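Chains as they are written, first to last, in our numbering: chain A, 4 to 222; chain B, 4 to 222.
Treat the hints with caution; some may be incorrect.
For chains that are exact copies, the list does not tell them apart, and a pair is met inside one copy or across any two.
[What the hints assert, rightly or not] Straight-line distance between alpha carbons at most 30 Å, and here's what the computed DSSO-like set of lysine-lysine pairs gives:
| no. | residue 1 | residue 2 |
| --- | --- | --- |
| 1 | Lys147 | Lys5 |
| 2 | Lys147 | Lys184 |
| 3 | Lys45 | Lys137 |
| 4 | Lys150 | Lys45 |
| 5 | Lys45 | Lys95 |
| 6 | Lys95 | Lys137 |
| 7 | Lys150 | Lys63 |
| 8 | Lys147 | Lys72 |
| 9 | Lys95 | Lys25 |
| 10 | Lys184 | Lys150 |
| 11 | Lys5 | Lys72 |
| 12 | Lys72 | Lys38 |
| 13 | Lys150 | Lys137 |
| 14 | Lys147 | Lys137 |
| 15 | Lys38 | Lys150 |
| 16 | Lys150 | Lys5 |
| 17 | Lys137 | Lys25 |
| 18 | Lys150 | Lys72 |
| 19 | Lys72 | Lys95 |
| 20 | Lys210 | Lys150 |
| 21 | Lys63 | Lys147 |
Derived by calculation from the structure, the hints in this document are not laboratory data.
Since we're looking at a predicted model, the values are computed, not measured.
Number of protein chains: 2
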Amino acid sequence: MKLYGYWRSSAAYRVRIALNLKGLQAEHISVHLVKDGGQQHKPEYIDLNPQELVPTLVIKNTASESELKLTQSLAIIDYLEQVAPDVNLLPKSAASRAVVNSMALLVACDVHPLNNLGILQYLSNELEVSDEQKSAWYHHWIHKGFKALEVLLEQHSGQYCFGDSVTLADVCLIPQVYNAKRFNVPLDDYPNINRIWDNCNQLDSFKMALPENQEDAVI
Amino acid sequence: MKLYGYWRSSAAYRVRIALNLKGLQAEHISVHLVKDGGQQHKPEYIDLNPQELVPTLVIKNTASESELKLTQSLAIIDYLEQVAPDVNLLPKSAASRAVVNSMALLVACDVHPLNNLGILQYLSNELEVSDEQKSAWYHHWIHKGFKALEVLLEQHSGQYCFGDSVTLADVCLIPQVYNAKRFNVPLDDYPNINRIWDNCNQLDSFKMALPENQEDAVI
Chain A
4 MKLYGYWRSS AAYRVRIALN LKGLQAEHIS VHLVKDGGQQ HKPEYIDLNP
54 QELVPTLVIK NTASESELKL TQSLAIIDYL EQVAPDVNLL PKSAASRAVV
104 NSMALLVACD VHPLNNLGIL QYLSNELEVS DEQKSAWYHH WIHKGFKALE
154 VLLEQHSGQY CFGDSVTLAD VCLIPQVYNA KRFNVPLDDY PNINRIWDNC
204 NQLDSFKMAL PENQEDAVI
Chain B
4 MKLYGYWRSS AAYRVRIALN LKGLQAEHIS VHLVKDGGQQ HKPEYIDLNP
54 QELVPTLVIK NTASESELKL TQSLAIIDYL EQVAPDVNLL PKSAASRAVV
104 NSMALLVACD VHPLNNLGIL QYLSNELEVS DEQKSAWYHH WIHKGFKALE
154 VLLEQHSGQY CFGDSVTLAD VCLIPQVYNA KRFNVPLDDY PNINRIWDNC
204 NQLDSFKMAL PENQEDAVI
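The shape of chain A in the complex, shown without the other chains (with noise of 0.2 Å):
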């Protein structure tokens, strides 16, 4: 398997924690999201992820001598999910379930999408919105969702999002409290979120997928 990332996308942060969090390897080829303009828009990379974003994983079948190129990060987890089920990153409970998806999808459906790069270039170049205003809609959408979320977790968080366990739900929360932190949005109104960060950064699945631990990290 090949995971094309980038050291400082939440997206491929993400699958790295779920590969980490399975046990399983990949070759980490970092397509580097603002040198030359963007590395993600080069034609041949194109042709792995017609939307020029991170990640895609590709895993070769040696057998078919077929590709399969795998885009959008929680579909990617979903398939390693299906793939190797030994460590499982959902409850097995339809309703507990659902808890935990609409944790995850709650940052990577109403959080992430407002705040990554293309969103920001976008309101600088084409609304030439000042760099106070991109700020404040930064940090907007990230109280907003943060504010919601906390309300899920006083119901069902224990150590992690969803109880004890480690799921899906931390997999999507840790990288955007990383991106949060990096843009100095005050987070001391959501103890929940306080805590889970501080205990999912204990464990090494998350220790070793953080931004500054990838060999492409410029610090």
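Since chain A is already given, all that's left is putting chain B on it; use the hints.
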């Protein structure tokens, strides 16, 4: 089951299609997203959905007198997949399932969140962008997403997004196309999307779920 939704909400529209495809009944309760400053912001609704978004699916368990409150359309649909698996919205093979999920998530994570009501309100109220700029923003993210989706559809579609069976990808795509048409986005460059739109809207499950066929529709 009670589905809290709104006729024009794309996310509620997805859940309506999924319920219809699976032959499940739910009482539809309208949450007017604009009237009175938005009924989704009322305390009694926030108790059901701390994100103040539709849809929410509420399931009463009469035996235990407990209530399950499910949020996030894709988490709700996954829940329905677990409890009503007779009609499957995802293929059995892990590789095919990943492709369907990637198409569904392309719409749900990278198109829809950028164009929903809250974002358009923020653009007007906080960033004071003009109506032309707001329309350009809307069109930009639709075109970006649909252009990439057409590449995937060219490889995988038949009558529907993935071969000749209706899947989660269609459930996500059709409400997004409906919205694009509402905002006058020209769709001539997307032959596969147009074909799938026509084919899905031949099916009762999709027709019954159309916004204009809802009780709370104002036309």
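Hints, one by one, checked against the model:
1. For the identical chains of this complex, Lys147 and Lys5 are inter-copy neighbours only, at 26 Å across copies versus 35 Å inside a copy, given an alpha-carbon limit of 30 Å.
2. Taking CA atoms no more than 30 Å apart as the test, Lys147 paired with Lys184 passes in both settings, with 16 Å inside one copy and 29 Å between copies.
3. Proximity of Lys45 to Lys137 under the C-alpha cut-off of 30 Å is found in both arrangements, the shortest distances being 27 Å within a copy and 29 Å between copies.
4. Proximity of Lys150 and Lys45 under a CA criterion of 30 Å is satisfied inter-copy only: 16 Å between copies versus 38 Å inside one chain copy.
5. For the identical chains of this complex, Lys45 and Lys95 are neighbours neither inside a copy (41 Å) nor across copies (33 Å), given an alpha-carbon limit of 30 Å.
6. Taking the shortest alpha-carbon separations for Lys95 and Lys137, neither the intra-copy value of 41 Å nor the inter-copy value of 43 Å comes in at or below 30 Å.
7. Taking the shortest Cα distances, Lys150 and Lys63 sit within 30 Å of each other only across copies (26 Å), while inside one copy they are farther apart (42 Å).
8. For the identical chains of this complex, Lys147 and Lys72 are inter-copy neighbours only, at 20 Å across copies versus 34 Å inside a copy, given an alpha-carbon limit of 30 Å.
9. In this homomeric assembly, Lys95 and Lys25 come within 30 Å of each other (Cα to Cα) both inside a single copy, at 17 Å, and across copies, at 21 Å.
10. With identical chains, the CA atoms of Lys184 and Lys150 are at most 30 Å apart within one copy only, with a shortest distance of 16 Å there and 33 Å across copies.
11. Proximity of Lys5 to Lys72 under the C-alpha cut-off of 30 Å is restricted to the intra-copy arrangement: shortest distance 10 Å within a copy versus 39 Å between copies.
12. For the identical chains of this complex, Lys72 and Lys38 are intra-copy neighbours only, at 24 Å inside a copy versus 45 Å across copies, given an alpha-carbon limit of 30 Å.
13. Proximity of Lys150 to Lys137 under the C-alpha cut-off of 30 Å is found in both arrangements, the shortest distances being 20 Å within a copy and 27 Å between copies.
14. Both within a single protomer and between protomers do Lys147 and Lys137 lie at most 30 Å apart by alpha-carbon distance, with minima of 16 Å and 21 Å respectively.
15. Taking the closest pair of Cα atoms, Lys38 and Lys150 come within 30 Å of each other only across two copies (24 Å); inside a single copy the shortest separation is 35 Å, beyond that limit.
16. Taking the shortest Cα distances, Lys150 and Lys5 sit within 30 Å of each other only across copies (25 Å), while inside one copy they are farther apart (36 Å).
17. For a Cα distance limit of 30 Å, the shortest separation of Lys137 from Lys25 qualifies neither inside one copy, at 37 Å, nor across copies, at 43 Å.
18. When the C-alpha separation of Lys150 and Lys72 is checked against a cutoff of 30 Å, the pair qualifies only between copies, where the shortest distance is 18 Å, while the shortest distance within a copy is 36 Å.
19. In this assembly of identical chains, Lys72 and Lys95 lie within 30 Å of each other by CA distance both inside one copy and across copies; the values are 28 Å within and 18 Å between.
20. Taking the shortest Cα distances, Lys210 and Lys150 sit within 30 Å of each other inside one copy (25 Å), while across copies they are farther apart (37 Å).
21. For the identical chains of this complex, Lys63 and Lys147 are inter-copy neighbours only, at 28 Å across copies versus 41 Å inside a copy, given an alpha-carbon limit of 30 Å.
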